[in-house]
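Chains as they are written, first to last, in my numbering: chain A, 25 to 393; chain B, 12 to 315; chain C, 40 to 131.
Simulated from the structure, these hints should not be mistaken for lab results. A hint or two may mislead.
In silico DSSO-like links for lysine-lysine, alpha-carbon gap of 30 Å or less [as the list claims (entries may be wrong)]:
1) K322(A) <-> K339(A)
2) K77(A) <-> K333(A)
3) K322(A) <-> K333(A)
4) K51(C) <-> K72(A)
5) K77(A) <-> K51(C)
6) K183(A) <-> K322(A)
7) K183(A) <-> K51(C)
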Amino acid sequence: MTTFSAVMARTWRENQLFSVLVELTYRCNLDCVFCYNDLGLRGTPLSKAQYLKLLDDLQAMQVMNLILSGGEPLAHPDFFAIGAAARERGFVVRIKSNGHALSGVLARRLRDEVDPYIVEISLHGARPETHDRQTRVPGSFERLLENLRGLRALGQRVKLNSTLTGWNEGEARAMFAIADDLGIPLQFDPEVTPRDDGDRSPLSLTASREGIRDLFRLEFERGDAAEAAAGPRPVEVARQADDAVPVSTSKHCGAGSSSIAIDPFGNVYPCVQWRVASGNLHEASIQEIWSGSAALAKVRQQTEEVKGKLAGFGKDAGLMNFCPGLAASRSGGDPLAVYDGATQRAAILGEVQAERKVIPLRVLETSSR
Amino acid sequence: MSFGERFLIHPDLFPARLSGESWGDARLNLEIAGTSHAIEGLTDGQAASMAERFAGFDSGVPAKDAVRSRVFRMAPEEFRAIDTRGWNYDLDQDAGETWVRIAGMRFVARLAWRPDLEGALWTAASDVDFPGVLENYLRVLAAYGLAAAGGALLHSAGIVDDGEASLFVGVSGAGKSTFSRLSLDEGRQVLSDDLNALRPTTAGFEALAVPFAGDIRSEARTGARPLRAIVRLRQGPEHRLAELRPAAAVALLASCAPYVNRDPFRAERLMTNLASIVAGAELRELAFALRPGVWSLMGREVRA
Amino acid sequence: MIGVDTVLRRAKDVRHRLLPPEAVVIRQTVPEVLVLNDVAGELLERVDARTPVSGLLDQVAPLYDVDRATLEADALRFLTELAEAGIVEVVA
Ligand SMILES: C[S@@+](CC[C@H](N)C(=O)[O-])C[C@H]1O[C@@H](n2cnc3c(N)ncnc32)[C@H](O)[C@@H]1O
Ligand code: SF4
Numbered sequence: 025m026t027t028f029s030a031v032m033a034r035t036w037r038e039n040q041l042f043s044v045l046v047e048l049t050y051r052c053n054l055d056c057v058f059c060y061n062d063l064g065l066r067g068t069p070l071s072k073a074q075y076l077k078l079l080d081d082l083q084a085m086q087v088m089n090l091i092l093s094g095g096e097p098l099a100h101p102d103f104f105a106i107g108a109a110a111r112e113r114g115f116v117v118r119i120k121s122n123g124h125a126l127s128g129v130l131a132r133r134l135r136d137e138v139d140p141y142i143v144e145i146s147l148h149g150a151r152p153e154t155h156d157r158q159t160r161v162p163g164s165f166e167r168l169l170e171n172l173r174g175l176r177a178l179g180q181r182v183k184l185n186s187t188l189t190g191w192n193e194g195e196a197r198a199m200f201a202i203a204d205d206l207g208i209p210l211q212f213d214p215e216v217t218p219r220d221d222g223d224r225s226p227l228s229l230t231a232s233r234e235g236i237r238d239l240f241r242l243e244f245e246r247g248d249a250a251e252a253a254a255g256p257r258p259v260e261v262a263r264q265a266d267d268a269v270p271v272s273t274s275k276h277c278g279a280g281s282s283s284i285a286i287d288p289f290g291n292v293y294p295c296v297q298w299r300v301a302s303g304n305l306h307e308a309s310i311q312e313i314w315s316g317s318a319a320l321a322k323v324r325q326q327t328e329e330v331k332g333k334l335a336g337f338g339k340d341a342g343l344m345n346f347c348p349g350l351a352a353s354r355s356g357g358d359p360l361a362v363y364d365g366a367t368q369r370a371a372i373l374g375e376v377q378a379e380r381k382v383i384p385l386r387v388l389e390t391s392s393r
Numbered sequence: 012m013s014f015g016e017r018f019l020i021h022p023d024l025f026p027a028r029l030s031g032e033s034w035g036d037a038r039l040n041l042e043i044a045g046t047s048h049a050i051e052g053l054t055d056g057q058a059a060s061m062a063e064r065f066a067g068f069d070s071g072v073p074a075k076d077a078v079r080s081r082v083f084r085m086a087p088e089e090f091r092a093i094d095t096r097g098w099n100y101d102l103d104q105d106a107g108e109t110w111v112r113i114a115g116m117r118f119v120a121r122l123a124w125r126p127d128l129e130g131a132l133w134t135a136a137s138d139v140d141f142p143g144v145l146e147n148y149l150r151v152l153a154a155y156g157l158a159a160a161g162g163a164l165l166h167s168a169g170i171v172d173d174g175e176a177s178l179f180v181g182v183s184g185a186g187k188s189t190f191s192r193l194s195l196d197e198g199r200q201v202l203s204d205d206l207n208a209l210r211p212t213t214a215g216f217e218a219l220a221v222p223f224a225g226d227i228r229s230e231a232r233t234g235a236r237p238l239r240a241i242v243r244l245r246q247g248p249e250h251r252l253a254e255l256r257p258a259a260a261v262a263l264l265a266s267c268a269p270y271v272n273r274d275p276f277r278a279e280r281l282m283t284n285l286a287s288i289v290a291g292a293e294l295r296e297l298a299f300a301l302r303p304g305v306w307s308l309m310g311r312e313v314r315a
Numbered sequence: 040m041i042g043v044d045t046v047l048r049r050a051k052d053v054r055h056r057l058l059p060p061e062a063v064v065i066r067q068t069v070p071e072v073l074v075l076n077d078v079a080g081e082l083l084e085r086v087d088a089r090t091p092v093s094g095l096l097d098q099v100a101p102l103y104d105v106d107r108a109t110l111e112a113d114a115l116r117f118l119t120e121l122a123e124a125g126i127v128e129v130v131a
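All chains should be built: construct the whole structure from the sequences, respecting the hints.
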């Protein structure tokens, strides 16, 4: 019996596109201080007809996961038409939303017309002062909690994402408490990234070393508690589709080989965090870009080179959560350039593991992007 | 009712930053009350209908220091259906330290100081009803732009006499349009019978026409004229001219400075501007009757 | 009991894609990821709430170099498993 991880490994190896993240719009009803969106980017937005064509093409390519992000995807003028079309075409739809407007009619329409597999929502703090300070919209914290309860009551599967920042790092435990109380999983990403145009101003919100260390400690602590509560593990654990980490491939990640990202103007990139211009949907179809883009071909090769280079870091390689896209944006273009964030992360995680004197086999982590 | 609810089905989707889906690649450059405006993101049709509507204010090339506005598409389903019979159209307005937001029929807008003034307009209006929407937006933008520049946009009739402009201000129904017509008949030029701009210069304030339609469309809409007088206007049985006290003049102007006068974050700024306008102008109160001769009275008394 | 005359439909929460020689199925409500073999994937793809299993077999047979009896036996077994897993439902 083939495992899902093995199938995922095959998608990486054989360049079988499986997950597509679509940034529908940069319109947003919040205005987060550290948002990576490049609001200066210009271009012709994809039309509704172009989105429908894209979905047809992706379905024909057997793409399974469609992630609608932004901006606030629900603020796109054609969100429901696109979402319903995605559902009709059998995609597993994930919505990345700030949750601010997900109440009442909108929440119900989302469930009934788009039927997302999951809605991933960002939490910025455990207190209104902190959350609203980051989102720059007064009242957004209270509104979010209310909407999360509403979504749960509707039976919508929800997950919370949070980027650890210098402003909220003291509240990680309280944020987990909020999530537990709501019965919603919460995943932290300890890394603040530069803006997509290269501007580094978001980095001023980067969490402190101690903040990151405390988060890792907390995560281990919670992992232990969950394990103790759950008792012995079943042999096979069913996972969400894109959480499976392929084993033994020659590539560091699936960027450009099993997944891509598309911005509101039709620009195609290997990953939402690795913005190498790989084609534009105004000029070519996604099939043409997928099979013909020289940039994607190079990226696929670079993901192999990254794997080779990281091997030199021994056991630290697995602790770095290295992202070639971040490496490229931080070094001015080199996806192999090891950056502070990655080595620091390995060091901190190493320390925390040493405290525990137990080395886990691997740490599963994905970015909250 | 909280902000936007009158017009929007999902007020929580209100844009918090200036971004979205442009309608097209066309742009328009307008000169409004001495300020260049660059309006981007239009369809060719939208740009053409606007250029026609604002003919004479089209400045052709974008100025370097132009106030930038971007126009974005918004779904018609985001707006409530409104029965406009017997309804007084009034925009919803909300303000913060560095921003202003507006909701209206088939559009929402946001102004931001970052630190220079910029704006964005999201609308569901297609070509036909677009000019009206853009005009509504530009009126707000002009009002805030002028206030920030030390001036004001004022509901008033602006009449040019002997190269100088006087603003006639009054409650609605005071007879601004009627007075403007009488003034035209007496050979005076009308800047606008509805909305006029005042801007500070090194030599006092100047009055300018704005391209927003009143009943009377002036021929010479772009020229700036030195401000002579602020006149409270009302109709009466006889032409009669009297003095107006400065405090009363400031209060009067404040009541006629649309949008900005409702904004708690900019009230102080506005009052300061109005006080300096009043300090440099002749202040009068005029009752006028529906017959000729009012300007001989105005001229004689005002210049005396 | 699923036989050649049975008509099946996919459960509403099933999302699937063919990645020969496998197929991936995600049940949205459970949530659960399953990997099917090629034949099961091709059958699932063709399940349409109208065509009886025999019709599905007619469509799938040309894709595989096996005799009809073997294919039928395999197919019935796979479809029964899919039904047990809640991925397909019997219409008639
Ligand atoms: C850009 S948002 C788009 C989806 C939606 N608007 C939201 O906020 O969830 C995607 C995720 O990236 C996070 N994010 C934004 N800017 C970031 C940055 N500079 N570094 C790290 N995470 C960031 C957000 O908090 C959010 O969880
Ligand atoms: S992080 Fe998300 S919610 Fe915040 S401004 Fe960016 S797109 Fe909007």
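Do the hints match the structure? See the list:
1. K322(A) <-> K339(A): Between K322(A) and K339(A) the Cα gap is close to 27 Å, so the pair holds against 30 Å.
2. K77(A) <-> K333(A): Violated, because 39 Å separates the two Cα atoms, which is more than 30 Å.
3. K322(A) <-> K333(A): 16 Å, holds
4. K51(C) <-> K72(A): OK: K51(C) and K72(A) at ~26 Å, within 30 Å.
5. K77(A) <-> K51(C): 24 Å, holds
6. K183(A) <-> K322(A): The hint is violated at about 34 Å.
7. K183(A) <-> K51(C): 22 Å, holds
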